[in-house]
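Engineer: The residues making up each chain are set out below.
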Amino acid sequence: MNMAIQWVSFKTIVVKEVRRFMRIWVQTLVPPAITIALYFVIFGSLIGSRIGQMGGYDYMQFVVPGLIMMAVIQNSYGNVVSSFYGTKFQGNIEELLVSPTAEVTILLGYLAGGVLRGLAVGGIVTVLALFFTDLSVESWPITISMVLMTAVVFSIAGFLNAMYANSFDDISIIPTFVLTPMIYLGGVFYSVDLLPDFWAKVSLANPILYMVNGFRYGILGVSDVSLGVSYFMLTLFMLGGFGFAMYLLTRGEKLRS
Amino acid sequence: MSVALEIKGLKKTYADGFQALKGIDLHVRQGDFFALLGPNGAGKSTTLGILTSVVSKSAGSVCIMGHDIDQDFQQAKQCLGVVPQEFNFNQFEKVFDILVTQGGYYGLSRALAKQRAEKYLRKLDLWDKRDTISRTLSGGMKRRLMIARALVHEPQLLVLDEPTAGVDIELRRSMWEFLTEVNDEGTTIILTTHYLEEAESLCRNIAIIDEGQIIENTSMKSLLRKLTREIFIFDTRNALQAPLELPGFTARIMDDNMLEVEIEVGKEQSLNKLFTLFDGAGIEVTSMRNKSNRLEEMFVNLLKPGNIVGYDKPAEDPMVVPNAAASSGAAS
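Top line first, the protein sequences correspond to chains A and B. Numbering follows my numbering, in which position 165 of the first sequence is assigned residue number 165; successive positions increment by one, without gaps. Numbering follows my numbering, in which position 330 of the second sequence is assigned residue number 330; successive positions increment by one, without gaps.
Mixed in with the good hints there might be a few duds.
Straight-line Cα separation of at most 30 Å, BS3-like style, residue types lysine-lysine; simulated pairs [said to hold, decoys possible]:
#	chain 1	residue 1	chain 2	residue 2
1	B	K221	A	K88
2	B	K119	A	K254
3	A	K88	B	K273
4	B	K119	A	K11
5	B	K8	A	K201
6	A	K254	A	K201
7	B	K142	A	K254
For the record, the hints were derived by calculation from the structure and aren't laboratory data.
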């Protein structure tokens with residue numbers, strides 16, 4: 001494999017992806033910022049002041065890491081699923097398939113685009129959060145690694161959704177009926193300690209719980225689950241998802257006849 | 001001369017069991033302008049799809065510029081430029097960006113990709129449209145954009161799948177000139193088209209594919225030499241009246257001033273003899289032309305199954321002048 005060609009090709013895909021979400025910033029960057037700002041106002045300021053403390057912190061402080069993570073998850077996923085499916089739908093995936101760009105480069109390029117959009121929206125949401133509460137970071141390495149790994153995992157998930165999708169309905173069904181419930185039940189708004197034992201145990205099957213809590217640990221120093229388990233789960237999803245995406249790409253699943 | 005494309009025993013069976021290619025062999029020499037023709041569903045697009053990696057082959061091997069597409073896919077793809085049948089560029093991107101991005105996929109630095117994008121957009125008269133969103137281009141402009149995109153990395157082998165479909169004649173001819181220029185500069189071109197006039201005027205060699213098999217693979221000249229009959233249309237100054245005395249020829253009066261004559265090549269028939277007969281019959285010809293393109297005639301003949309092995313010609317048209325054909329026994 002000619003690494004120089006692959007590197008240029010990777011950069012080309014990333015630049016194309018960034019230009020895409022920047023060109024349509026009104027659709028990609030503004031709506032999540034407004035939505036999350038409303039969560040800050042309603043759950044943080046209005047209702048949060050009546051909830052009191054959670055996990056030893058004001059509810060607003062508790063909920064901010066979860067909401068940042070929610071923005072990162074939704075936007076990493078959304079970027080890759082819509083961009084890659086759009087590429088398939090318009091047929092311009094063939095531009096890549098006929099070129100010397102290797103499958104791994106295609107995958108890494110799209111994932112980088114998803115991660116960058118996730119981080120861009122996450123950054124905007126973090127700045128907005130500073131208008132509502134003070135944020136001090138307990139551990140930068142944990143915070144950064146958690147947000148990066150989460151963005152990668154959900155970029156991969158978006159890619160897999162796009163690979164299998166046959167219509168635009170297919171790329172909205174998973175976010176609506178799977179992703180959103182998992183996020184809402186993944187400890188973004190509450191500590192699993194509040195749940196009855198049975199539901200707390202059920203919650204442990206939700207991978208988003210580990211991501212949100214790992215990130216919250218990086219910022220606040222508190223978590224419902226062990227940090228080691230969070231890293232383990234993220235690594236598992238990352239490697240498993242990447243391997244599966246590579247398998248599908250190499251087979252040309254729904255790309256080649 | 002080296003081989004630009006070598007296909008051996010290429011087979012493709014789709015998941016539904018349809019066998020699109022039944023083991024084809026094909027050699028295209030470097031620098032050639034090669035036509036791959038066939039009716040719809042014959043296997044042309046499947047063959048090109050395999051070359052361009054959008055279709056997986058079931059068996060056989062494909063080498064592009066000496067690089068096997070399985071073993072050496074990057075080098076093989078680096079040598080290849082593709083103009084697919086359908087518009088498949090990003091409809092929301094600007095024309096210039098489409099070319100620069102494509103260059104990047106082939107490892108061109110951004111600066112070089114921009115330089116090449118300008119070069120080919122100018123050559124294809126699209127430079128003024130460089131900042132236009134591609135979906136707003138006219139059909140002809142989109143076709144030219146596809147060609148510019150395929151050339152941005154300056155491939156050694158250019159594959160064109162019906163590049164002039166739906167393009168008006170003026171633009172089609174300017175595209176022919178451009179493609180001839182590209183070929184003259186050393187790029188091997190493989191063309192599929194339904195405009196057989198296009199293939200006849202551009203291509204030096206030809207393969208005809210039907211039902212997943214190559215039924216003819218030769219030079220254009222050799223193929224046309226196999227044409228055993230040609231039909232000419234003559235416009236006459238004076239009104240024609242049946243019966244016509246044209247011994248040895250099958251003739252048909254189309255209207256008062258138009259005559260159709262079939263000439264059997266290799267049966268001692270010639271236009272000179274025909275004109276002598278016209279003189280004798282007092283017929284003054286003002287113009288003449290082939291009824292159909294010669295390659296088209298050949299193509300249709302080859303694809304009629306019986307014509308390859310005992311094709312039964314349809315019953316004669318009752319308008320055929322009987323004595324003209326019957327007098328020499330030359331009528332079919």
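Engineer: It remains to establish, for every hint, whether it holds in the given structure.
Structural biologist: Here is how each hint holds up against the structure:
1. B:K221 - A:K88: Violated, because 42 Å separates the two Cα atoms, which is more than 30 Å.
2. B:K119 - A:K254: With a Cα-Cα distance of about 35 Å, the restraint between K119 of chain B and K254 of chain A is violated, given a limit of 30 Å.
3. A:K88 - B:K273: Between K88 of chain A and K273 of chain B the Cα gap is close to 62 Å, so the pair fails against 30 Å, i.e. violated.
4. B:K119 - A:K11: holds (23 Å)
5. B:K8 - A:K201: violated (60 Å)
6. A:K254 - A:K201: violated (37 Å)
7. B:K142 - A:K254: The hint holds at about 26 Å.
Checked against the numbered hints given earlier, the structure breaks hints 1, 2, 3, 5 and 6 and satisfies all the rest.
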